[in-house]
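S.K.: Sequence:
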Amino acid sequence: MQQNAFTLWDPLEETAMVAAGSDPLRIDVFTSDSCMFCDDALDVARTAAQRLRLFSERVKVVEIDVKKKPWLIEKLDIVALPMTMIGNTRIIGLPTVQDIEHLAHRALLNPE
126 MQQNAFTLWD
136 PLEETAMVAA
146 GSDPLRIDVF
156 TSDSCMFCDD
166 ALDVARTAAQ
176 RLRLFSERVK
186 VVEIDVKKKP
196 WLIEKLDIVA
206 LPMTMIGNTR
216 IIGLPTVQDI
226 EHLAHRALLN
236 PE
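In this note's numbering, the protein residues as written are 126 to 237.
There may be inaccurate statements among the hints.
Claimed, not checked - Mimicking EDC-like on lysine to aspartate or glutamate, the simulated pairs with C-alpha atoms at most 20 Å apart in a straight line are:
| no. | residue 1 | residue 2 |
| --- | --- | --- |
| 1 | K200 | D168 |
| 2 | K192 | D153 |
| 3 | K193 | D153 |
| 4 | K194 | D148 |
| 5 | K192 | D202 |
| 6 | K192 | D158 |
No wet-lab data here; the hints were simulated from the structure.
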C-alpha cells in the first residue's frame, strides 16, 4: 500500500526543507482559507509532484496553513500567499507546473 504523500509539516521538528539521502524533496505550499489562489497553487504543486514521481519517488507536497501556525509568517518572512518553497527557493503567487518542476529538478540535483 502506498503512503499518502500529502501530510502536515511541523517546521520545529525539521531544520532543512531538503535533506540529503533518501529523504523526500518537499514542495511546501503555504496557504490560508482566505487566500483566493491557494487551492490552485496546491493543485499545481500536486500535479507537478505526480509528474516528478515518474523520475523520483522522493517528492512530496506539504500544505502548511499559516492561520494554524501564524508565527511562521514572521519566521519565514511570508509577504503574500500562496507561497511555495522548494529547498530554500520560494515562489510567491500562483506558480506553473513548469516553475515547480524546474526548481524541484534543481533541488534534486543539488540538495545543498
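S.K.: For each hint, tell me whether it holds in the structure or not.
M.R.: Results for each hint:
no.	hint	verdict
1	K200 to D168	violated, 25 Å
2	K192 to D153	holds, 15 Å
3	K193 to D153	holds, 15 Å
4	K194 to D148	violated, 24 Å
5	K192 to D202	holds, 15 Å
6	K192 to D158	holds, 8 Å
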